[in-house]
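Whenever a hint applies, use it, and build me the whole structure from the sequences.
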Amino acid sequence: MMDAGKKVVNVAGESKMEVRLLDKIKDEKMYFLLKNSDVFFANTLRRLMIEEVPVMAIETVEIRENSSALYDEILAHRFGLLPLKTDLKSYNMPQECTCKQEGCAKCTLKLTLSAKGPGMVYASGFKSKDPKVKPIFPKTPIVELFKDQEIKIEATAVLGKGKDHAKFCPGLFFYKNRPIIEIVKKDQITQQCIDSCPKKVFVLKNKKPEIDKDKVLKCDLCNACVEACKGAIKLESSNSDFIITIESFGQLSPKDIVIKAAEALDNKLKEFGNLLK
Amino acid sequence: MVRQGQKFRRVIGDYKMIIPIRCFSCGKPIAHLWEDYEKRVGKGEDRKKVLDDIGLERYCCRAVFLGHVDLLKDAAKFKKF
Ligand code: SF4
Ligand SMILES: [Zn+2]
Ligand SMILES: [Zn+2]
Chain A
29 MMDAGKKVVN VAGESKMEVR LLDKIKDEKM YFLLKNSDVF FANTLRRLMI EEVPVMAIET
89 VEIRENSSAL YDEILAHRFG LLPLKTDLKS YNMPQECTCK QEGCAKCTLK LTLSAKGPGM
149 VYASGFKSKD PKVKPIFPKT PIVELFKDQE IKIEATAVLG KGKDHAKFCP GLFFYKNRPI
209 IEIVKKDQIT QQCIDSCPKK VFVLKNKKPE IDKDKVLKCD LCNACVEACK GAIKLESSNS
269 DFIITIESFG QLSPKDIVIK AAEALDNKLK EFGNLLK
Chain B
7 MVRQGQKFRR VIGDYKMIIP IRCFSCGKPI AHLWEDYEKR VGKGEDRKKV LDDIGLERYC
67 CRAVFLGHVD LLKDAAKFKK F
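Protein chains in written order, with our numbering: chain A, 29 to 305; chain B, 7 to 87.
Be a bit skeptical, because a hint or two may be false.
Stated by the list, open to error - Non-contacting residues of chain B with respect to chain A, defined by C-beta distances greater than 12 Å in every case (computed): (1) V47; (2) G48; (3) K54; (4) K55; (5) D58; (6) D59; (7) Y65; (8) D76; (9) D80; (10) A81.
Said to hold, decoys possible - Pairs of lysine to aspartate or glutamate residues, derived as DMTMM-like cross-links and limited to a Cα-Cα distance of at most 25 Å, are as follows: (11) A:K167 - B:D80; (12) A:K228 - B:D59; (13) B:K79 - A:E101; (14) B:K83 - A:D176; (15) A:K243 - B:D59.
The hints are simulated quantities; they were obtained by calculation from the structure and are not laboratory data.
Glycine included, each C-beta is placed from N, C-alpha and C at the ideal position.
Put into structure tokens, the structure is as follows:
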């Protein structure tokens, strides 16, 4: 582990950015450490991920029949929020499609759902024209139908961006500053100090208090340790290192989200450069 | 015409009828976890343990589950307007 606050300087004299994968939980969550960067970059990345990475979602719904207890609008809203597995290679954004927004197979996808009561209607009941794009959580309950109730729906899914509607967000993205903890006076650390930390950052090794190197990144800067043992522990937060968490809703993998966000930044800067010429 | 009180009741009713697809606050899809949760809690398991197991860590998502009552069955007895 690198010394806190010290910057890696390359030949040109600029600080070098570093990315280190900390943990990955299936295809849902990813934690990584962004070193030698700054708040502006981390936040730009965050905004690009929630605003500029396109995912599929149901945009228009044609309700042929709905005698369920839910209003048409509620049903349509529920459909819109269903996350759909997204295949970015075979679909275009409707605004950029060659069909000039008329709606072709490259930019829209039809899904149908028809069910008769009694029984629960699940997202798995959706029949998609493209087997690759379908609701990610088939067990999602949509509406419960009772006797003599029926729904018949035709929905159109498109690619969209998070800045237009929250249903097009690929996931959650948040970061915290990396904590820098230092034991200043080792002899003043009591058992009470060690126990005060909810994340168990401090451990006793050979009766000497030490900082657990693996757990220190879990620290959430709650200040409890500093209050429990006055003056013995120094706590700071780094302004250049960030612990970033990406939680995907399932449409894309966390890795794809970061890559697409970086591409979006690239395109924006290229466009800006072209305008300056 | 809908009187204010009625309108308010309808809004409350709508969201309590059936589990929301996503969490109100953070947007995580949660509806697919509901039936599992309901079954396990019905068997007498501790709510905290079940919520931890199904992977709802933030208190926004947990609150949606803890406060939810399925009222669709009762609402279905009445005519829709
Ligand atoms: S700030 Fe809080 S979490 Fe971090 S080491 Fe101190 S007590 Fe533990
Ligand atoms: Zn098209
Ligand atoms: Zn939530």
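Hint by hint, here is what the structure shows:
| no. | hint | verdict |
| --- | --- | --- |
| 1 | V47 | holds (16 Å) |
| 2 | G48 | holds (16 Å) |
| 3 | K54 | holds (17 Å) |
| 4 | K55 | holds (19 Å) |
| 5 | D58 | holds (14 Å) |
| 6 | D59 | holds (15 Å) |
| 7 | Y65 | holds (15 Å) |
| 8 | D76 | violated (8 Å) |
| 9 | D80 | violated (9 Å) |
| 10 | A81 | violated (5 Å) |
| 11 | A:K167 - B:D80 | holds (23 Å) |
| 12 | A:K228 - B:D59 | holds (22 Å) |
| 13 | B:K79 - A:E101 | holds (19 Å) |
| 14 | B:K83 - A:D176 | holds (12 Å) |
| 15 | A:K243 - B:D59 | holds (22 Å) |
In summary, the structure is inconsistent with hints 8, 9 and 10 from the numbered list given earlier, while agreeing with the others.
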